[in-house]
Amino acid sequence: MKKGLILFWIFLIGVHTSAQTIKSPSKKLALHFSLSVAGEPTYSLTAGTRDVIRTSRLGIELKDQPALLKDFTVIGTDTSCFDETWKPVWGEVKEIRNHYRELAVTLQQKDAGVRGLTLRFRLFDDGLGFRYEFEKSGNLNFFTVSDERTEFNLTGDHKTFWIPGDYDSQEYFYQTTPLSQVNAFVGKQFDEIGVKTIPADNVVQTPLLMKTSEGLYLAFHEAALIDYPAMHLDVNRQVYSLRSHLVPDAVGNKAYLQAPARTPWRTVIVSEKAADILASKVILNLNEPSKIADTSWIRPMKYVGIWWEMHVGKSSWNYADTDNTRLAGTDWAGLKPNGRHGANTENTRRFIDFAAANGFGGVLVEGWNIGWEDWYGHWKEEVFDFVTPYPDFDLEALKKYAAKKGVELIMHHETSSSATNYERRMDEAFRFMKAHGYDAVKTGYVGRIIPRGEHHDGQWMVNHYLRVAEKAAGYRIMVNSHEAVRPTGLHRTYPNWLASESGRGNEYSAWSRGNPPEHETLLPFTRLLGGPMDYTPGIFQIKMDKYQPGSPNQVHTTLAKQLALYVTLACPIQMAADLVENYQRFPDAFQFIRDVAVDWDDTRIVEAEPGDYITIARKARGREEWFIGAITDENSRESVVPLEWLAPEKTYVAAVYADGEHAHWKDNPADYRISRFLVNQGTVLHLSLACGGGAAVSLKPASGKDLKTIESYPGQN
Numbered sequence: 001m002k003k004g005l006i007l008f009w010i011f012l013i014g015v016h017t018s019a020q021t022i023k024s025p026s027k028k029l030a031l032h033f034s035l036s037v038a039g040e041p042t043y044s045l046t047a048g049t050r051d052v053i054r055t056s057r058l059g060i061e062l063k064d065q066p067a068l069l070k071d072f073t074v075i076g077t078d079t080s081c082f083d084e085t086w087k088p089v090w091g092e093v094k095e096i097r098n099h100y101r102e103l104a105v106t107l108q109q110k111d112a113g114v115r116g117l118t119l120r121f122r123l124f125d126d127g128l129g130f131r132y133e134f135e136k137s138g139n140l141n142f143f144t145v146s147d148e149r150t151e152f153n154l155t156g157d158h159k160t161f162w163i164p165g166d167y168d169s170q171e172y173f174y175q176t177t178p179l180s181q182v183n184a185f186v187g188k189q190f191d192e193i194g195v196k197t198i199p200a201d202n203v204v205q206t207p208l209l210m211k212t213s214e215g216l217y218l219a220f221h222e223a224a225l226i227d228y229p230a231m232h233l234d235v236n237r238q239v240y241s242l243r244s245h246l247v248p249d250a251v252g253n254k255a256y257l258q259a260p261a262r263t264p265w266r267t268v269i270v271s272e273k274a275a276d277i278l279a280s281k282v283i284l285n286l287n288e289p290s291k292i293a294d295t296s297w298i299r300p301m302k303y304v305g306i307w308w309e310m311h312v313g314k315s316s317w318n319y320a321d322t323d324n325t326r327l328a329g330t331d332w333a334g335l336k337p338n339g340r341h342g343a344n345t346e347n348t349r350r351f352i353d354f355a356a357a358n359g360f361g362g363v364l365v366e367g368w369n370i371g372w373e374d375w376y377g378h379w380k381e382e383v384f385d386f387v388t389p390y391p392d393f394d395l396e397a398l399k400k401y402a403a404k405k406g407v408e409l410i411m412h413h414e415t416s417s418s419a420t421n422y423e424r425r426m427d428e429a430f431r432f433m434k435a436h437g438y439d440a441v442k443t444g445y446v447g448r449i450i451p452r453g454e455h456h457d458g459q460w461m462v463n464h465y466l467r468v469a470e471k472a473a474g475y476r477i478m479v480n481s482h483e484a485v486r487p488t489g490l491h492r493t494y495p496n497w498l499a500s501e502s503g504r505g506n507e508y509s510a511w512s513r514g515n516p517p518e519h520e521t522l523l524p525f526t527r528l529l530g531g532p533m534d535y536t537p538g539i540f541q542i543k544m545d546k547y548q549p550g551s552p553n554q555v556h557t558t559l560a561k562q563l564a565l566y567v568t569l570a571c572p573i574q575m576a577a578d579l580v581e582n583y584q585r586f587p588d589a590f591q592f593i594r595d596v597a598v599d600w601d602d603t604r605i606v607e608a609e610p611g612d613y614i615t616i617a618r619k620a621r622g623r624e625e626w627f628i629g630a631i632t633d634e635n636s637r638e639s640v641v642p643l644e645w646l647a648p649e650k651t652y653v654a655a656v657y658a659d660g661e662h663a664h665w666k667d668n669p670a671d672y673r674i675s676r677f678l679v680n681q682g683t684v685l686h687l688s689l690a691c692g693g694g695a696a697v698s699l700k701p702a703s704g705k706d707l708k709t710i711e712s713y714p715g716q717n
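Mind the numbering: the sequence shown is residues 1 to 717 in this note's numbering, read in order.
Keep in mind that the hints were calculated from the coordinates and are not lab data.
Within a straight-line C-alpha distance of at most 27 Å, the following computed DSSO-like cross-link-like pairs (lysine-lysine) qualify:
1) LYS404 - LYS434
2) LYS471 - LYS434
3) LYS28 - LYS87
4) LYS159 - LYS211
5) LYS399 - LYS471
6) LYS273 - LYS94
7) LYS546 - LYS314
8) LYS23 - LYS70
What follows is a list of derived Cβ distance ranges for each label pair:
9) ARG513 - SER636: 21 to 27 Å
10) GLU423 - GLU61: 26 to 32 Å
11) ASP294 - GLU61: 41 to 47 Å
12) PRO25 - TYR547: 53 to 59 Å
Values in this document were obtained by computation on a predicted structure and should not be read as measured data.
Beta carbons are placed, not taken as given, at the ideal position from N, Cα and C, and that holds for glycine.
Using the sequences and the accompanying hints, generate a full structural model.
What follows is the structure, encoded as structure tokens:
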């Protein structure tokens, strides 16, 4: 690791001008700080000669104390430059450069008990991060945040890609409107989302993406969300402004802090190219390095599992059809099984066999444990104990069988949003996992939160998700959290936190109107900016009428696009989500899922436009193999892919999994074709994408036999 720290200014005590400006390392962006006449902290952001964020105020409101909003004087400034290269445990690239200029401004309020506040700005070539830091001073020791007054004053009515600001769910597909036409109450139409809390019609979630009339892309989010509620954004539709909106707790407060303390980073990513938004590492770089010293046990993997069959109605999570069960004293063996329970020994063995035969690392089993009969809708404190299997799930036998096959079982802990119950039982549950050979857990938080009155995105739950990751790390357990707060780059600090759902995933296609064809072209620009998503791609049986005769539900993609998602939606724990029998019907297409990597040395964003198309190429970690994913929205198009990043003077076999001539996401989704060609660094691929379609390509070094039997790509130099 190379690390440099050059101080340009030392801390100054004495007379200060309130105006300060720093420029990013390559001078692409400039951050301007000043105090208003009223002593209000303000900042603005420019890109060259263009305004990005106009002068905007900063501040914190406190409960039962004077606000930290105005009457400040500058008592110190500190500027520096930082440059390092670090290696993530896993991810999209092998190395990440962390290069920024920093400005720390220390402020003081004399008339409010001599209280201090530091505003710390870090300016990268592709974005800005800033946060509030509180030192113990005057009467600022224990304090309650009642509101945060961070503003982002924009330069116009930008094109905005948004979902409603909801304290309890991110599971919406995206709306695209001018900022002035945001109406978050559109979320009330999403009847398929069980728990929604949308506080007003002008509140949107982060990550929030915008495109200006000048073609500038802006992405707003936060980094290192710790001990603080998630930040949504209030939209002022008249003056084109955003303001922080913190998720409240059960009594209406936002955060309880004790100095010294600091907020998460507020982030703005800025680029003239959409592709550069996807490549940005601002959010990761604003998080702390790994707190796990030995990370050798953290293993990215592909997995299959007993999951999709419940969503399509083939089987059930619950063992019996009764809602009168209790954890203690229930004679589970005496209950009448419903005959549809998916997590039984025989079915699990079948998935283990399939995983072993195809080189998959894990098998997820949902519904293995007692409690599913009355798990949802009752706001019940104790539903699951996380250690007691149903009578038809032979835990010991499956442990031995999986070990024999070289496959790991993945634990499932659905909490039914009773976080208090989970916290009481977590140590016992993790000890149980380790005793039975489980090294990874998928957690779930479906329903209304307990403690009652708390929200999924409030400070209490933010701390809970982090406690789970920290405790899991102590047991050397990897975590894949569902229905949790959206990620903010904390997988750098806790690399055992492999992924989250925290967005509208593929399962909505099974039992609702699903996700529109543009959905997957927006996720990398929005939800994925903070961290990987367990989207559960790989559905081959696109139409749901196979399981539910007459059902109009379907996945709104072609089969080829489902393959491409393994590359465009990068995740270190990727599921092949469909049923075993569906993969057995399409063994040639399934080969791409067998081959594709989940951990990467290099990533190239070939082309991208939010809501329209994305083409990405990635090099597998530690192997001379590349994989390409190209996807489109409801429109057909051609993706042009120069292979200039391949190793020089080397020939590869390109296996191209493409939409068929008559493919269409709705009319003919399973039409695909597979071609193989010899390619090299000079080859330019032309990939035809059907409406709602895609293409997936694997590139592997050619053998001597390949050179004799496979033709070169047409027009190749």
